[in-house]
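**Q** Sequence:
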Amino acid sequence: MVSQKWLLFLFLHIHLHVIILAQLPDLRYSFCGDNGNYSENSAYQKNLNTLLSSLPSKIDKYGFYNASIGQNSDRASVIVLCRGDVELEECRSCVNNVARKLVQLCPNQKEVFGGYDGCMLQYSNRSIIGTASFSVRYYFKNPANASKPEEFNQELIKLLENLRDDAAKGGPLRKYASGNVTGPNSQIIYALVQCTPDLDRQTCFNCLTDAYGNMPDCPCKGKRGGRIIGTSCNVRYESSRFFENVALETPPPAGNDNKTVPIGRDDKTAPTGVFAGNDNKMVPIGRDDKIAPTGKDDKTARTVTIIVVPTVTIIILIICLSVILMRRRKRKLVKEIRSIHGDDISTAESLQYDFSTIRAATDNFSNANKLGQGGFGPVYKGKLPNGQEVAVKRLSADSGQGDLEFKNEVLLVARLQHRNLVRLLGFCLDGTERLLVYEFVPNASLDHFLFDSVKRRQLDWERRSKIIGGIAKGILYLHEDSRLRIIHRDLKASNVLLDAEMNPKISDFGMARLFTMDETQGSTNRIVGTYGYMAPEYAMHGQFSVKSDVFSFGILALEILSGQRNTSFGNGESVEDLLSYAWSNWRKGTTINFIDPMLRESSGLVRDIMRCIHIALLCVQENVADRPTMAAIVLMLSSLSMSLPVPSGPGYYMHNNISAEMSLMQEYNTRMSDSSELAKSRSIGSSRNEVLISELYPRQHP
0 MVSQKWLLFL
10 FLHIHLHVII
20 LAQLPDLRYS
30 FCGDNGNYSE
40 NSAYQKNLNT
50 LLSSLPSKID
60 KYGFYNASIG
70 QNSDRASVIV
80 LCRGDVELEE
90 CRSCVNNVAR
100 KLVQLCPNQK
110 EVFGGYDGCM
120 LQYSNRSIIG
130 TASFSVRYYF
140 KNPANASKPE
150 EFNQELIKLL
160 ENLRDDAAKG
170 GPLRKYASGN
180 VTGPNSQIIY
190 ALVQCTPDLD
200 RQTCFNCLTD
210 AYGNMPDCPC
220 KGKRGGRIIG
230 TSCNVRYESS
240 RFFENVALET
250 PPPAGNDNKT
260 VPIGRDDKTA
270 PTGVFAGNDN
280 KMVPIGRDDK
290 IAPTGKDDKT
300 ARTVTIIVVP
310 TVTIIILIIC
320 LSVILMRRRK
330 RKLVKEIRSI
340 HGDDISTAES
350 LQYDFSTIRA
360 ATDNFSNANK
370 LGQGGFGPVY
380 KGKLPNGQEV
390 AVKRLSADSG
400 QGDLEFKNEV
410 LLVARLQHRN
420 LVRLLGFCLD
430 GTERLLVYEF
440 VPNASLDHFL
450 FDSVKRRQLD
460 WERRSKIIGG
470 IAKGILYLHE
480 DSRLRIIHRD
490 LKASNVLLDA
500 EMNPKISDFG
510 MARLFTMDET
520 QGSTNRIVGT
530 YGYMAPEYAM
540 HGQFSVKSDV
550 FSFGILALEI
560 LSGQRNTSFG
570 NGESVEDLLS
580 YAWSNWRKGT
590 TINFIDPMLR
600 ESSGLVRDIM
610 RCIHIALLCV
620 QENVADRPTM
630 AAIVLMLSSL
640 SMSLPVPSGP
650 GYYMHNNISA
660 EMSLMQEYNT
670 RMSDSSELAK
680 SRSIGSSRNE
690 VLISELYPRQ
700 HP
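The sequence shown begins at 0 in numbering that gives the first Met the number 0 and counts up one residue at a time.
Worth flagging that the hints you see were computed from the coordinates, not collected in a lab. Errors might be hidden in some of the hints.
Unchecked claim - Only pairs whose alpha carbons sit at most 27 Å apart, straight line, appear in this in silico DSS-like list of lysine-lysine:
#	residue 1	residue 2
1	K100	K60
2	K57	K100
3	K157	K147
4	K100	K45
5	K369	K380
6	K220	K157
7	K147	K100
8	K382	K369
Modelling step: build the complete structure from the supplied sequences, incorporating the hints.
**A** Encoded structure:
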């Protein structure tokens, strides 16, 4: 009977965990080292997994932990550090997410570094504890200029020097300091500095001095905010408050706690009610040092009853409440979906499928019918009772796509009718199950062909040109020709499906936003989409418009023309990203180097391809106003005689210097508590408390 109760308790706990589990966000920065790979099931991997699995429970209240396991080449070392003002539970959750993402981003890499705004993690097969390990540094900037930059920098350096001295004097568990100073025009400058506390005082001092000493090389010079992140120390400053005050108490000496006092061999008595014993071993004793306090068993049973019964009751109530809310949500969602068809209930009913029908159509979602794994869950091929083939997207419980995105996709796609957009046939809501039923597109998604060395041979120039043109027409329909102006916000190769004739069909509208026809732009505090395809104004400030989709289209076109992913671009020993490589070759007049070798056979074709690259570079210009509309792009693609303007520099363009310090970076998001002054300085309006993203630059070397 007791075991059944505990099984019920365990089931309820797991059920709650599945309900609240959220999709992990992308890392703010990451580095996959160049110190080789480990083999599957090797001793190094086992040691590393042991370290990573125990991280959350090992982190102390100061947000720091380091450890090593193994010998010689199999030795794995790890260091984790949370920002000094981050709460312990938030710190542990942050580190756990970083560990999982780094293993995913850098599979089998022996040396890895990365993190979010609140924490960082580093592991390696080298000796990294107590020393400045491998030198990786990231620079971020607040785009807004400081008033009186010279005076601003003078006050900033004074503040950083004082904080450096305080942090370096910190103990072996925390080397962190924060503070502020008044700069020119009564502008308050807030800053914090931090070292990994395994560094000694001098090494921490030198690390921070070197960090802000390189400020002249940092793009943050003369800006209202900036950040320098290294593997061993980091510096950050802003013109608005971004940290919480923390009490920098000195950790208590070991063995001097009021609750546990070790007693040595020569001690004979101990204070009543404490721990005593020989050889410093802690042994609980009673008031007479021999007999345990009376009533102990009764108190223990009463304590267990007081804790367990209310806990189980609360969990059962939560489960019941979840079921009730789920049913209400279903009724409300179906009602809203029906509302798009007015009073024609029969039409709305025709959109909704029974779960049993979909389960039978997909053979109970068998792996044999699985078409692929999307960002929000798996997609299965199915066959309805009438013989029609369909594709079923089964949204996972922890997908991160909630009711809002589900309703968004149903409301949007049900209205859209265009040959270059995938057609939604219906939906299904049943308990926690959320299903979307689409027309079946036989050739899967564009990335399955484009980034496969064998299948890419099927994509000759004629087909690639048709795909680029079809995508452009589909986006144009969303922007101008549908009943509402729609911003897709997640245009990428995996969201473009190919039918039997290799015609492109844009899919996945879970992140799309509706505008009325007189609206041109919007802003959000919730950045969604895929890094590498996001327009800079959206990733940095949460501002999106039709020009955001234009930027994503330009990136996608460059991928189609080069045959390479923008997120894993390879150029020999260079770490230059796809966009920078395209722009560099354009400026040098060597654009042919950028073209997929499979397309360089005919000089006539190369001329058309180079024109297409020209159009793509117009789409990815940093200045939003300089980018053409989708209507203009469709015209440029269809009219070879139309003259094209000269493109200006693209967003995210990085001047990279090839050295031992590789910089494999992702975009860095951080939210400011008050960025209204920044918002006023931008050409695109935004609301108060807007998203702020710093731009990334690799460290430069002489």
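**Q** Each hint needs a verdict: does it hold in this structure or not?
**A** So, going through the hints one by one against the coordinates:
1. The hinted pair formed by K100 and K60 meets the criterion: a straight-line CA distance of about 23 Å does not exceed 27 Å.
2. A hinted pair counts as satisfied when its Cα atoms are at most 27 Å apart, and K57 with K100 qualifies at roughly 19 Å.
3. Distance hint between K157 and K147 is fulfilled; the C-alpha atoms sit about 16 Å from each other, no more than 27 Å.
4. About 18 Å separates the Cα atoms of K100 and K45, which keeps this hinted pair within 27 Å; it holds.
5. For the hint linking K369 to K380, the alpha-carbon distance of about 6 Å falls within 27 Å, and the restraint holds.
6. Our distance criterion of 27 Å between C-alpha atoms is met by K220 and K157, whose separation comes to about 15 Å.
7. Annotation: proposed proximity of K147 to K100 is violated, straight-line Cα distance about 41 Å (limit 27 Å).
8. Pair hint K382 plus K369 holds up; C-alpha atoms about 13 Å apart against a cutoff of 27 Å.
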